[in-house]
Each structure stands twice: as structure tokens, then as C-alpha cells.
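Undergrad: Sequence:
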Amino acid sequence: MCGKRILVRALAVILLWLPLMAAGGVPSEGRHLLELRRALKDPHGHLWSWKESDVSKYCEWQGVCCDRDGRVWSLNLASRNLSGNISPVIGSLSSLHVLNMSDNDLEGAIPQSIVNCSELEILDLGDNFLTGKIPKEIGYLTKLRGLYLINNWLGGTIPSSIGNLAFLSELLIYGNNLTGPLPPSIGNLISLEVLRTGMNSLTGPIPRSIANCKNLTYLGLAQNYLDGVIPRELGRLQKLSYLALWQNRLVGGIPPELGNCSRLRMLALYDNDLGGQIPPELGKLEEVEYVYIYTNSLNGSIPRELGNWISVVEVDFSENYLTGNIPWELGNIWTLELLSLFENQLTGHIPPNFVELENLQQLDLSMNNLDGPIPVGLQNLTALSKLILFDNSFTGEIPPLLGSNRELLNLDLSKNHLVGTIPDTLCDSKALEWVYLSNNGLTGSVPKSLSRCSTLERLVLTDNQLVGTVLMDLTDNTLIIDIELDGNGFEERIPVNISNCRSLKVLSLSNNRFYGELPLSLGKLQQLAALNVSNNSLEGSIPASLGSCTKLLRLDMSANRFTGTIPPEFGSLILLEQLSLADNMIGGGIPGELSQCFHLTSLELGGNKLTGLIPPVLGKVISLQYSFNLSNNQLSGTIPPELGDLVLLMSLDLSSNDLVGQIPAALGQLTGLTFLNLSYNKLSGPLPSVPVFQTMTAKSFAGNSGLCGGLLPGCLPSNGMSPPYTQTYVWQEPAVSTGVLVGIIAAVIGGAAFMIIAGAFWFCRQPAVPEEKPKFSQVSHFASGDFVYSQRANYETLETSGLVVISAHVVAGKSGIFGRDVTLWLRESVGSVKPVRDRRRRLLALNFFPSDEQYKLVYTLKSCGGHRIDRLPGGSIFILVICSLNETRRVLLRWRNLPALCV
37 MCGKRILVRA LAVILLWLPL MAAGGVPSEG RHLLELRRAL KDPHGHLWSW
87 KESDVSKYCE WQGVCCDRDG RVWSLNLASR NLSGNISPVI GSLSSLHVLN
137 MSDNDLEGAI PQSIVNCSEL EILDLGDNFL TGKIPKEIGY LTKLRGLYLI
187 NNWLGGTIPS SIGNLAFLSE LLIYGNNLTG PLPPSIGNLI SLEVLRTGMN
237 SLTGPIPRSI ANCKNLTYLG LAQNYLDGVI PRELGRLQKL SYLALWQNRL
287 VGGIPPELGN CSRLRMLALY DNDLGGQIPP ELGKLEEVEY VYIYTNSLNG
337 SIPRELGNWI SVVEVDFSEN YLTGNIPWEL GNIWTLELLS LFENQLTGHI
387 PPNFVELENL QQLDLSMNNL DGPIPVGLQN LTALSKLILF DNSFTGEIPP
437 LLGSNRELLN LDLSKNHLVG TIPDTLCDSK ALEWVYLSNN GLTGSVPKSL
487 SRCSTLERLV LTDNQLVGTV LMDLTDNTLI IDIELDGNGF EERIPVNISN
537 CRSLKVLSLS NNRFYGELPL SLGKLQQLAA LNVSNNSLEG SIPASLGSCT
587 KLLRLDMSAN RFTGTIPPEF GSLILLEQLS LADNMIGGGI PGELSQCFHL
637 TSLELGGNKL TGLIPPVLGK VISLQYSFNL SNNQLSGTIP PELGDLVLLM
687 SLDLSSNDLV GQIPAALGQL TGLTFLNLSY NKLSGPLPSV PVFQTMTAKS
737 FAGNSGLCGG LLPGCLPSNG MSPPYTQTYV WQEPAVSTGV LVGIIAAVIG
787 GAAFMIIAGA FWFCRQPAVP EEKPKFSQVS HFASGDFVYS QRANYETLET
837 SGLVVISAHV VAGKSGIFGR DVTLWLRESV GSVKPVRDRR RRLLALNFFP
887 SDEQYKLVYT LKSCGGHRID RLPGGSIFIL VICSLNETRR VLLRWRNLPA
937 LCV
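Counting from 1 along the sequence shown, just add 36 to a position and that's the residue number in the working numbering.
Any given hint could turn out to be false.
[To be verified] Quick list of the computed label-pair ranges, beta carbon to beta carbon:
| hint | residue 1 | residue 2 | range |
| --- | --- | --- | --- |
| 1 | W84 | S333 | 54 to 62 Å |
| 2 | R285 | R67 | 25 to 33 Å |
| 3 | G336 | S227 | 33 to 41 Å |
| 4 | E553 | L748 | 44 to 52 Å |
| 5 | R285 | W84 | 47 to 55 Å |
| 6 | T647 | K560 | 28 to 36 Å |
Rather than coming from a laboratory, the hints here were simulated on the basis of the structure.
By construction, the Cβ of each residue, glycine as well, lies at the ideal position given by its N, Cα and C atoms.
Construct the complete structure from the given sequences, taking the supplied hints into account.
TA: In C-alpha cells:
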């Protein structure tokens, strides 16, 4: 009986499983899932329930959902930290409708067997590391409604078979390495609502056939290499809400037909090469909320019809060539929160009705030709947080209650013609972060309410007529990172408790009346990158504690009354690039420890009372490029031949000392020299017959009665006869090593690169600012060197006191950053700074054109080691040149998506 019962139960089980086995049920689908599991790595045990011992319960496994017949209907393994590959066995789940393995670390190719999942409706493999191509077989999944392959490493072209997916409503494949054109077959996707292919390397024109996708609501093709014109047929997409074509190579005008896309909410066409005028027809877009057309080549005036926008929140037309007045109709858009029109050629006044834009949060009209007063009513805009009006011709006074709205965060009114005093309401918001008021005619003192503003991070007041004291009130601010007061009449001691400003990176106080000694506490400013106290009345010894400021890049203490000696502790400043102690009363010797400043590009010690020998170890500072100035001291001994190892040096001044002996022939290795001054010493002997000396004039050697030959009168031999002249090149000298020859060749190649960079300086147009010609020992003032990166519609800021060059040579599409950047002597710039970009609108150069007689030293910031510039043509040059003209030397650079630069 017991045996019969067992047999009956066994038959019942077999009869129960027969239908499922016939239909490919439990054993097969469970085994397929286990095989899929074996190809995956699950470090966090999310698939713990997938056990071979429970194969009959696979429908209860994590992420598995079955239909009533026991077939796997959906598989959701998203965001489970899985890695490994997608096994081809996935094609055996023939009843699969939904497959979601997104947001993992999956690798390998998408298996072609996916085509066997003929019931598939949703396929989401986004946010992984998948490689290979998009299988053309995907085009046979005709029931597919959603295809999501975003943020992988997929390459190749988009298969034209994708046009077979008649039911596809969402196609998202952005963030890959896809190439080639958009297939015209996309126009067959009549059910398509969302198409996003951005952040790839797609080329060719936008297919006009896309206009056949009548249900399209989102068209995102940004950040590719698409060229040609924007098809006017896009105006037929009546359901389109988002059009994102930014950062491509699109040319031509903006089609007026886009005004027919009545449901459009976002129009993003920025970073292209679009020209022509802004079509007035865009004013018909009553539902549009965000309009970004910046960084193109648009011209003409801003259409008054745009005042018909009743829903717009943000408008950005910056970095174009727009002219004319700002239409007052824009002041009727009460919904407006952001208006950015910077870097155009707009003229006239700010429309008076702008004071009624009660929702306005950010107004940026900088770098135009606007004039007239700043409307007083702007101070009443309770939402206004950022007011950026620099580099215009605004006159009058700053609105007296500006800041009283309690929302003001950033204020930049620099480089205008403003007069009067600084309002004491600027920090009423208790949230103020930036204040830039430089290059105006402001008078009076800095309000206590501003200097004691605890949230203030940047205070830039250079080149005004301000007086009184300010530093003492700033010393309780632990957030401030930038204090620039140059070119005013401030008169006070530098307070000891300046060390409380522990976040301070830039302290620039030049051309004021600061007096007394530098406090030892400056050495506690561990974040300090730039210190400029030049042209003041400071005295006493230079604090050795500054050697503790190990992040210092630029140190300028020139033109004061400092005494004592140069602290050997400065050798600890291994990041220091520019050091100027010129025009003081410093004595003693030059410490050899300065040779440990391996990044030093400019060393200015002229105009002091230095004695002793020139340390030969300074020849190890091979980074010296722009200036080595020891003039007007009391140095003795001979010129060390080791200085010939400074093969990148462009300016050498050892004049007005007590140097003796012959000029070392090793100086002939300085083939990049454009300025040499050895005059008024006690040098003797023949002038070395090297090519570099033949480019100089006799003034370079004047006042050395013992010198002869070359540019000077011939040397007389013992018999009174002049010897025959025989030119001996440096490489013919018996003491010259192979290494020196390599250095010479490298310098020649560097000179060729220099000519390329010099040729790039044709495109800059910055307004001239008169400036007195400084003493030679003071020409090398230093950049504060601090970039500020902010959100879209804000700006990057570089405070600089000269010219900065970053260069890299691009070979076969990849770049190698020069370890030592090429620089040169150039004339002062007149005209505005202008970015030069590659075809992808990436920054290539910022150029200027030299046009007056004042000379300024050019110097570099060290570039990022290993920084890569992608997709630039082989043999091109990447240059960043930053020019500035006046005593403040302030440049504001305005870009979005600018990669971070080292300073």
C-alpha cells in the first residue's frame, strides 16, 4: 500500500509539471536564470535567493516576475552593484517583456541573442560599462517601446534598423562613443516621443526626416559634432517641449519656423556657430520657459516681440554680437528670473521698467557698451541675488540702498565710471559673498558693515580713490579668500590678527600707503597663494615665517623699505613661481636655498644692497624663464657659468654691480634671451663669439671698460695688432657637452613654438587703460591666480597682474603639456580679450594684439600634468593667454563648461 501511494504521488507530480515542461517552463527558465547568474558578480549578495536548490521557485527570486504560465515576464536587476557580463542565455527568456539591468558595473557587449526576446517592450541597460556596438538585431524587436542605453562605452554607428521599431516611444542613447550620422530612418519612428543622443561623437546634418516624428516632445542632440543648418522642418513638431542642440557645429540662422512649436518650453542652441538675427517669430512661444542661445555669432538687435513671452524664466543671449538697445519690452516679462546678455555690443541705458521685474534673481549685462546711471529702483528688487554689470560705461553713483533687499549674494560693478561712496547696505542680506567694485572713481572709506560682513568671501576694490582703514575689520572673517585693495589710498598697518583669515588665498595690497612691519603671523596663512604688498611704505625685516606659506605661488614685496636679509626659509616655497623683492634696502647675500624653488619662473631682486657672490646653485633653477634680475646691487665675484643652464631664460639683468672677470661662454646656451644687460660692472676680456650676443646692442655691455671684441672695440694683442676675427659657435667650444647641444636644439624648437603662440595674439581687443611705465625692476607684478567656477549664467574670475600663458602641443589628437611653457616679451595690450575656440567650441586661445610702447613681462602658470585635450587636430596648439592692462590688472573670463585649470 505504501509503495502504491508513493507511485500515485509521483505520477501526480509528473502530470502537474508536464504542461510547464512542454512550454519550456520551470527547469529550462530556472536554469537559464542560473546561467545568467553565473556570468555576474554579486559582491553585496543581492541575488542571494538565486539558488540551484530552489530552482523550482525561480519566480520568487529577487528581481524576477513571472506570468500566470510560469514564464519570466520581467527581470529587474537595476542598481544592485552587479558586474561581469550579460550572458547570451538572456535570449532564451523568450517571454521576457521587461529587462532592466541599469546602474550596475556590467561590461562586455550587448549579446546579439537579445533578438530572441521577441516580446521585449522595455530594454534598459543604461549606466554601465558596456562596449561594442548597438546590435543591428535590435531592429527586430518590433514590440519595443523603450530603449535605454545611456552612459556606457558603446561605439560604432546607430544602426539604421532602429527605424523598424514602429512602437518605440523613448530612445535614450546619450553618453556613449557613438559615431557617424543620425540615420534618416529615425523618421520612421512615428510613435517616438523622446529622442536623446547627446554626449556622443555623431557627425553630419540633422535629418529632416525627424520632422515626421509627430509625437516628439523631447529632442536632445547636444554635445556632438553635428553640422549643417537647423532644419526648418522642425517647426512642424507641434508637440515638441524640449529642443536641445547645444555644443555642436551647427551653422546658419535660427529657423523662424521654430516659432510654430507652440508647446516649446526649453530652447537650448548655445555653443554653436549660428549667425544672423534672432527671429522675431520666437516671440510666439508663449509657453517657453528657458531660452539659451549664448556663445554663437548672432548679430542684429534683440527683437521687441520677445516681450510677448509670458512664461519665460531664464533668458541667456550672452557671448554673441548683438547690437542696439535692450528692448524695454523685456521689462514686461514679470516671470523672468535670469537675464544674461553679457559680452555683446549692446548700447544705451538699462530699461527703466527693469525695476519692476519682481522675480528677477540674476541680471548680467557685463562686457557691453551700456551707459547711463544704474537704475535706483534695482535696489528694491527683493529677489535679486546677483547683479553683474562690469566692463560698461555706467555713470553716477551706486544705488544707495543696494543690498537692503536681503537677497544680494554677488555684486560686480567693476570697470565702469561710477563715483561716490560705497553703500553701507550691501551686506544687509547677511549672505553677501562677492563684491567687485574695482576700476571706478569711488571715494571715501569702506563701510564697516561691509568690511565686517561675516559671509564675505571676495572683496576686490582695486583702482579707486578709497581711503582710511579696512584690514582690521576683516580679520574676524574666517571665510574670506580674496582681498584686493590695490591702487587706492588706504593707510594702516597690516594687523597681526590677519592670521585669523585662515581661508585667505589672495592678499593684494599694492600701491597704497600701508606702513610698519609685516607681521610674523602671515606665516600662519596656510592657504595663501598670492601675496602682493608692493609699492607701499612697509619696513623692517622680511618675516622668515613666510617660508611656512608653502602654497605660495606669487610673492611681490617690491618697492618698499624692507631691510635685513632674504630669509633662507624661502627655499621651502617649492611651489613659488614668481618672487620679487626689488627696490628695497635688503642686504646680505643671496641665499642658495632659493635653488630649491624648482617652479620659479621669475626672480626679481634688483635695486637692493645685496652683497657677495651670485650662488652658482641658482643655475639649477631651470624653470626660470621670464626674468632673472639682480641689477643695482653690490654683488661681486664672477658670473657663474652655471647660469648657462637656464636655457629657457628670456631676460637676464646683472647690471650695476661689482662683477669681475670674463663673461662665461656658457651664457651662449641662453638662446631664448630677448633681453640682456651686463652693463656697469667690472667685466673684462673678449666678448664670447656666440650667436645670442650678436642680437644684442652695445648698451648691454656698456660701462665695462675691460670688455672688447664682437659688438665692442676689438681686443688688442700684446704686439698691438688686432687679431683676425674668427666666429666660434657655442657648439664648437671644446667644453660643450652633448647635453648642452640637446638643450640648444630644444630651445630652438621652443622658439619655433613661441612664434606660433605669438602669431595667435592677433584677436584681442581690450579697452586701453593709461598706465605709467614702471621701473624695470617692477615690471613683473603677479597674478593672484584664483579661478572661480560657478553655475551656468555665472562667470569664472581670474585676478591677474600681467599676462598668463598656458600652452600645449597637440599631436594626433592628444596633447602633451609642456613642462616649461613658452613665453616672450610683448608690448602692452590694447583691445578686449577674445576667446578663440576649436570647431567644438572648446577654448583654444585667449589672444591679444600688442599696440603701444609700454613693455610688460609675460609669464606662465604651470599647467596641469597629464591634462588631456580631446579631439583636437594633430599639430594644433592649445593656448590660454590672459591679458590685463591697468595697475589692478584684473580680467574676468566668462565661460560655461570650462575645464578646471591648475594655478
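Undergrad: A separate judgement is required for each hint: does it hold in the structure or not?
TA: Status of each hint after checking the structure:
no.	hint	in the structure
1	W84 / S333: 54 to 62 Å	holds (59 Å)
2	R285 / R67: 25 to 33 Å	violated (51 Å)
3	G336 / S227: 33 to 41 Å	holds (40 Å)
4	E553 / L748: 44 to 52 Å	holds (46 Å)
5	R285 / W84: 47 to 55 Å	holds (51 Å)
6	T647 / K560: 28 to 36 Å	holds (32 Å)
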